[in-house]
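Student: Residue numbers (the working numbering), protein chains in the order written: chain A, 1 to 420; chain B, 1001 to 1420; chain C, 2001 to 2420; chain D, 3001 to 3420.
Note that these hints are calculated values from the structure, not bench results.
Some hints here could point you the wrong way.
Said to hold, decoys possible - 25 Å max Cα-Cα, derived SDA-like pairs, lysine to any residue:
no.	chain 1	residue 1	chain 2	residue 2
1	A	K220	B	P1217
2	D	K3363	C	P2011
3	B	K1363	A	Y247
4	C	K2132	C	P2011
5	C	K2220	D	D3419
6	B	K1363	A	Q67
7	B	K1132	B	H1069
4 protein chains.
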Amino acid sequence: MTLPELIFSSPEIHALQRRYREVREYSLALAAPLSDEDQCIQSMAETSPTKWHLAHTTWFFETLLLQCHAQGYQVFNPRFEYLFNSYYDALGPRHPRSQRGLLTRPARQEVHAYRRYVDHAVLSLMSQADTKLWADIEPIITLGLQHEQQHQELILTDMLHALSCNPLQPAYRASNTQLPTQAMQTNPMHWIELAGGAVDIGHDNSDGSFGFDNEGPRHKVLLRPYAISDRLVTCGDYAQFVAANGYLRADPWLSDGWAIVQAQGWRHPAYWLPPNDPRLFHLGEAAHQWHVFGLDGLQPLDPNAPVSQLSFYEAAAYAQWVGARLPTEFEWEAAFAAPGISQMTGHVWQWTRSSYDPYPGFKPLAGVASEYNGKFMVGQLVLRGGSAATPAGHTRSTYRNFFPPSARWQLSGLRLARDL
Amino acid sequence: MTLPELIFSSPEIHALQRRYREVREYSLALAAPLSDEDQCIQSMAETSPTKWHLAHTTWFFETLLLQCHAQGYQVFNPRFEYLFNSYYDALGPRHPRSQRGLLTRPARQEVHAYRRYVDHAVLSLMSQADTKLWADIEPIITLGLQHEQQHQELILTDMLHALSCNPLQPAYRASNTQLPTQAMQTNPMHWIELAGGAVDIGHDNSDGSFGFDNEGPRHKVLLRPYAISDRLVTCGDYAQFVAANGYLRADPWLSDGWAIVQAQGWRHPAYWLPPNDPRLFHLGEAAHQWHVFGLDGLQPLDPNAPVSQLSFYEAAAYAQWVGARLPTEFEWEAAFAAPGISQMTGHVWQWTRSSYDPYPGFKPLAGVASEYNGKFMVGQLVLRGGSAATPAGHTRSTYRNFFPPSARWQLSGLRLARDL
Amino acid sequence: MTLPELIFSSPEIHALQRRYREVREYSLALAAPLSDEDQCIQSMAETSPTKWHLAHTTWFFETLLLQCHAQGYQVFNPRFEYLFNSYYDALGPRHPRSQRGLLTRPARQEVHAYRRYVDHAVLSLMSQADTKLWADIEPIITLGLQHEQQHQELILTDMLHALSCNPLQPAYRASNTQLPTQAMQTNPMHWIELAGGAVDIGHDNSDGSFGFDNEGPRHKVLLRPYAISDRLVTCGDYAQFVAANGYLRADPWLSDGWAIVQAQGWRHPAYWLPPNDPRLFHLGEAAHQWHVFGLDGLQPLDPNAPVSQLSFYEAAAYAQWVGARLPTEFEWEAAFAAPGISQMTGHVWQWTRSSYDPYPGFKPLAGVASEYNGKFMVGQLVLRGGSAATPAGHTRSTYRNFFPPSARWQLSGLRLARDL
Amino acid sequence: MTLPELIFSSPEIHALQRRYREVREYSLALAAPLSDEDQCIQSMAETSPTKWHLAHTTWFFETLLLQCHAQGYQVFNPRFEYLFNSYYDALGPRHPRSQRGLLTRPARQEVHAYRRYVDHAVLSLMSQADTKLWADIEPIITLGLQHEQQHQELILTDMLHALSCNPLQPAYRASNTQLPTQAMQTNPMHWIELAGGAVDIGHDNSDGSFGFDNEGPRHKVLLRPYAISDRLVTCGDYAQFVAANGYLRADPWLSDGWAIVQAQGWRHPAYWLPPNDPRLFHLGEAAHQWHVFGLDGLQPLDPNAPVSQLSFYEAAAYAQWVGARLPTEFEWEAAFAAPGISQMTGHVWQWTRSSYDPYPGFKPLAGVASEYNGKFMVGQLVLRGGSAATPAGHTRSTYRNFFPPSARWQLSGLRLARDL
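Could you put the whole structure together from the sequences, leaning on the hints where they help?
Tutor: In C-alpha cells:
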C-alpha cells in the first residue's frame, strides 16, 4: 500500500483557501452595517435573520464537510445542529423556519466565534489534504461557497424586507453608495429578433466548471423564432401600468394573481410608496412624489431604474398589458450573448414564463445534498440573470433561480418577449 | 343585397342538434340518482353543488351564445348572471365560489326549468341559422358542449367528495354497476422503450376537429430516449408504498408535498379507509380490511384497480420510491399509440411531471372565452388521459387536464417512466 | 314487596302527553315552509340545518329518556348517536359541528320517520309509567320539551341566517304574516326609576315549576338606585347612531368590539341593507331606501320596530353613545314587572351588561344533563326577555339566555339603563 | 389676581420625585440582564419587546403629562407617537401590536436617551409646579408610575415567554437568585370558613390613596357562607391532576377550555417539560424528571412551589376535578385578611370565578385615560393578589387584574373555594 500523494503546497489548494477566506469575509462585511438587533429579527416566515444566515452557512461546512471528512473533529456546539439546519430532512428535526427570529441566543458574538472555529477547521483540513481527500472535499467546499453566496444575496433581501416593515424606513446604508440599478438614463426599448431552432440549454460540466445540479444536464431545446427586449423594464415603464389602473382591472392578470391582488390590496409594487403616504410626511414637500424603499432607504422613484421586487404575477400582468409576454427560460438563455442585448445580469433577476421543472435526465447530487435543489421543483417559477445584490462571480447564463409566483422581496423584475 | 344562404335542413345542423340534446340530457341523467339535498351541497371551496353545475353550464349557453347571437332573446332571470358565473371577470361580479352551497334557491326544479328554457332557445337558434350565423355560433355551441362535458366529470367527482364527508358513507349508485376501473386481474408491469427524438405535440386543428386553445399550437419537442410503463399503477402496487411507511418518511417526497403530509396528517390516499376505521364498524368482520370509498360506496380495496384520487405529490412520491419518475406530458403524448401500451384513457387521469405552462405560440380564444384556459397557467400540473368518469368522446391524446398538485378528489393516478 | 301505584289514567300524564304532542308538532310546523334543500344547509359553524335540529331534539329523547328508562327499547339507527349528538362529551365522539350541513343523508323523510318512531315510544312509555317511573321520567321529558323549544327558536334564526346569505334574499314566509316586532308606532322613551336595594334574583323551584339549572339558586342581590327605559331601542333610534358615523369612530366601542368592527368592516346591523345595495336593485325605486332582511324577506326599515340582530358590542356601543348603559341582568329582572315597563318579552332578547357567570351556590343537573348549561359559563353575555321567535310559554322573568358578544344572528336588541 | 402658591420645596414633591426616580430606574434594572437582541424580540402578538415597554412607559409621560402640562415642551421624536402608542384610539393611528418585534430602530440606546430626556422634563416640571399645576399633574404622574409598574411585571413575563420559545432554554438570571415562589415546604391545605353576608368591596379613595378606576366605586355585595383554602395550589397538587389524565378527559373542563386543550394539544402547564423532552437531553440523567422553565431557566419541578402560568381554563378544571371551585373576586377580597390565610400576594396572581365586569356605578377616568381600563371589560376574567414579579408596593386587596381565559404566560395560579 502506497501513501496518497501529498499536495500540501498545491496552487489549487491555495487558490481555494484564498477564495474561501474571501467569501466568508464578505458575509461578515454585509452584516457589518447592522446592529445586533437588526441581525436578529425575522419579518416573515420566508425570510431569515442575518445572524441565522451567518450561522447556517457555517453549519453547512461543519455538517457536510467537517463531520464527514475531518478526523477527530469536535462540533462547536451539538445543539446548533437543531438550530441551524435549514431544510435537510435527512439530518433530523430542526427549529421551525418561522421561529428563527426568536433566537436571541446564541448571541451574535457567539455566532462569530462559531464561524472562526469552523473556518479554522476547514482551512486546516484543506492544508492537510492528500489527493484522495482533496477529491472528496473540493466539491463540497465549492458547493458550500456557492451556497454561502446564495445566502449573501438573501442577507440583503431579507434585511431589506425587515427594514421595510419599520415605519421609520431606516436605510441599510447611506444613499451615496448607489446601486448600479440606478442607471442615469434609459434608451427606448428595442426588440432583438432571434431565429430559434435547436439550441443548447443547461450547464456543461465537462470542463470541471461549477454548476448546480438543477442546471443540467445540458440538452437541446427547439425554439420558434422570437423577439426579446434589449433592456429591462424600468420603473418609468411600470409606472404607466400603475397609472392606467393596472391593479384595478382583472384582464391582464393570471387568475391566481388577480385573487392575490384583491385579497391583499396590492396597488403598486411592494416597495413603492405612493404620494402622500404617511411614511413620507417627514420629507415635507417631497412627500407628494412616488418613492421607492431600497437598501439606501427612501428614494424618489427613478424612472430609469429597472423595476424590482415584483412578483411573477405582476411581471406577467405587465407583459400582458403591453401586448407582449415573458420569455421562457430557454429563450432567455439562448439570447444571453445576442448582439445588442444589455442588463442580462447585475441589475435584477428576471422572471421567465417557465415553471421550475427538472431538465430531461436531471440527477440530484448524491447524499444529503440531494435535497439541495430537486425537492423544490414544483409550484415555483424560474428567474434568470442575477441582481445587483448577487455576489460577484455568482452568475452564469445557465443559472436557474426560482421563487414562488407571489414572492415580492427579491430584486426581481422582467424583460419582454414576443412571438415572431 | 343578397340573402344569406339558408341551411335549415343541413345534416350538419341536425347532427349538432342531436349531439346538443344528448350532452344536455346526460347531465340530467348523472344527477338523477341524487336527492334535492344531495344536489345542493358543497363540501369544500374547490367543489360545486350538482345543481350549480346544471345551472352554470346553462348560463354558459345563455351568456356566450344567446345573448350575443339570438335576436330578441329574453334572459330567464337576470339575477342568475350573478349566481352562475364561474370565473369570468369580464362579465362582472359573481357569487363567491365558496358559497355556492348556500344557494337553496333557485330550487332544483327551477334550475330544470332554466335548462329547458335555454335548450329551446338554443335549438331554435340553430334551426334558424344561415351560413353566416352558423359560422359564428357553431364554434360556441361546440365549446359549450365540451364545457358541459368537463362539468359532467366534476358532477361525479364533486358529489363523491361530498358523500365521502358523510359518516354514513352513502353510495352514489349501487355497487353492481361497477366502473371499468375495477379490473379483474392485473398483469406484471412492463416497460415500453421509446426512442424520443423530435416529436409532434399538440392538437392539429387544420382538419376542423375540436381542441381547446391550451392544446395548441402543434409543435415539435425534442425527447431523449425513455421508457414508460405499459399499465397504470394499481391499488395493490400503491399499498406496498403505504405499508412501507411511505407517508412517514421524508425522502421520497417533494418539499411541499412532505409539508402537506405532515400538516394534514396524510397516511394513505384520501378515499382509502384503513382497517378498523370507525366508519367501517357497521360492516362487522369486514372492518378489518382496507376499504376504498367510491361512487359505489364502500368497497374492499381491489389490488387490481388503478390507484385513484391521488394528489400529484403522492404520485410523484410513489414514483420516486420505486426508483422511477412520472413521464412528462410530451413523453406521455408521444407514447399514446405505442404498441403494447394500455389504460391510456378510460380509467384515471395520469399526473405528469409537467407544469401547466403555455405552449410556444399559445393564443387564447378571442373575447370572453379568452379566460377559459390561459389564465390558469401557473401553479398547476398537467394530467393526461381521461378517466372512467370522463364522458364518452371527450378524450384526446392531446388533451391537457390540469389541477393544483395537492388536489385529491379527482380520478387521478399515474403511470411510471424512466430515462434510458 | 308492593307494586308501584299505577297511574295510567292520571290527568298529569295526559296533560304532559298533550303538551309533548304540541311541542313536537310545532317543530315540524316551523319547518313546513322550507324545501328539503333549505332544511339541509348550514351557513356558518355556529348555526345548524333545520333537519339537524329536528333530528337532534329527537336524539335527546332517545338518548336521555328511552335508552335509560324504556325497557327493551331498540334505537332507530345506532349510527345516529354519532350524527346527532350536539356537545355531550360524556356520550362519546360526535360529528363535527361545522360539518352538519354535509349530512344530505339521512334524508328529511328519514328524519321524519325517526321523529315518529321516537314519539311513539315516548308516548307509550308515559302511558305505562307507574309512580316511581313517572318520578324519574317526568323531569327528563319536561327538560326535553324545554330543550326542543330552544331549538325551535334556533330553527328560525339559523334559517334566517342561511337565507340572508343568498343573493336572492328569499323570504321564509310571505310578508303579510307580520311579526309583532313590527309595531305600528313608538312612543318617546321614558325612564322608569327604581330604588334598588336587596332584590330576589333567580328561579324559585320550590313550587315545582320548571327552570333551567342556570337560573338558580334564588338569592338576594344588592342593587343601587337605577333607571331603566320603558321600551326597547328601535330601528329609528339606532339609525341615528349609524347616521352619526357610529361605526367609524372608536370612542363608543369596547376594545374587542372596535377590533371586530374594523376587521370585518361592520357599518350597520348585520341584516340591514344600505340604500343602493346591489341586492336591492331589483326593487327599482325602493332601492334608494334602507331595508332590513327578516323572516318576511326584504322590508323597508321600520323605524318603530325594535332593532334586532345586534351583537353585544353594538348594543353596548349604542348605549354608550347616548350616554346611558345596558342594565345588568339583575336590574333587568328586578324591573320585570315595574309599572309602565313594556316589551320585556315577545319582541327581542335584550343584551345585559352581565357576563354569564354561575349564581352563588349553582349546581348543575345530575348525570349527562350536567353538561347542559354549566360548561358554557365563560366568555358569554346574558340576554334577558324573549323574542318574537321564542315559542309561547318559553319565557320567564328569570330566564338566562346567553351568547358570545359577537353573535349577530339572534333576535337580539337592547333597552337602556343608567345610574341614579 | 393672586399668584398661585409656590410649593417648590414641598416634601410631597420631593417624595414623588424620589419615587419617580426609583420606579423609572427599576425598569432599567429589570432590562439590565438582557442583551440588545433579547430586548428587541416579540414572541407572540400578546407580548411586547422589553425595549418597547421601556419606550411606551416613557411615551405615556410624554403624551399624557408633558404635552398637556409642560409649556414649550418639544417632543423627543414626533414619529415615536405612532410607534409607542399602545391602544389609545383617541391619540390617532399606531403601529400594529403584532409587529412591535420588527422595531430594531430606534436602537436600545436611543430608547435610553428618550427615557433620560423625558425623565429630565418630568422632574423639572415637578420642581416648578405651583399648587394649581400640582393638582393637575400629581394624579397623572401617579397614574404613570402605576402604569409603569404594570409594565415592569410584563417585562418579566413577556421576556420569559420569549426565552421559553428558544430551544436552548436560556435563563433570564442565574438560579441562585431564587424567587419566593420556591417555598421550602408546604403544609397540608386547610379550609378557612367565612360567614359571608354584606361585605364592602372595592377601593375607597376618600383618603386620597391610589386605586385604578376599575376598583371602584366601593360598594356592598351579599355573600353566602363559604370556605377558602388557606394556601395556594402547588405544583405537587397540580401534578396529581396531570398524572390522573386530567388533560385527556373532558368532564372537568369548561367547553371552551376543552376545545382549546384538544386544538392545541395541551397536556400539562405551558412551562412544564415532561420527562425525556428533547429540550432536557443535555441535562443527562436529570432529563428523566419533570422540569419547569422559569426566570432562572430550567429547574426540576418543585412540588412545594405554587403552580403558575396556568390559564383560567386549567385553574377551573383543577378546581372542578378536586370537587371544589374558584372563589369569586368578592369572596377573595372578603377573605384577604382572614386569620390563617397565607400567600394572598407575592407568589402568583389567583384566577377568580368572576368575569371582568364593571362595578355598579363605575366611572372611567376622564379624558384620554378613560381608555385605560373600561374598554376591556368583556371576555376577560379577574385575577386577584399579585405575584413574585409584581413590583413592591403595587398590590392591594382591591386590585383587579384581568386576562383572557386562555392566557398562559402570566404568573397565574389559584386557590380553592367551596360553598358551606
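Student: Take the hints in turn and mark each one as holding or not.
Tutor: Tested hints:
no. : hint              : result
1   : A:K220 / B:P1217  : holds, 20 Å
2   : D:K3363 / C:P2011 : violated, 56 Å
3   : B:K1363 / A:Y247  : holds, 23 Å
4   : C:K2132 / C:P2011 : holds, 16 Å
5   : C:K2220 / D:D3419 : holds, 16 Å
6   : B:K1363 / A:Q67   : violated, 55 Å
7   : B:K1132 / B:H1069 : holds, 11 Å
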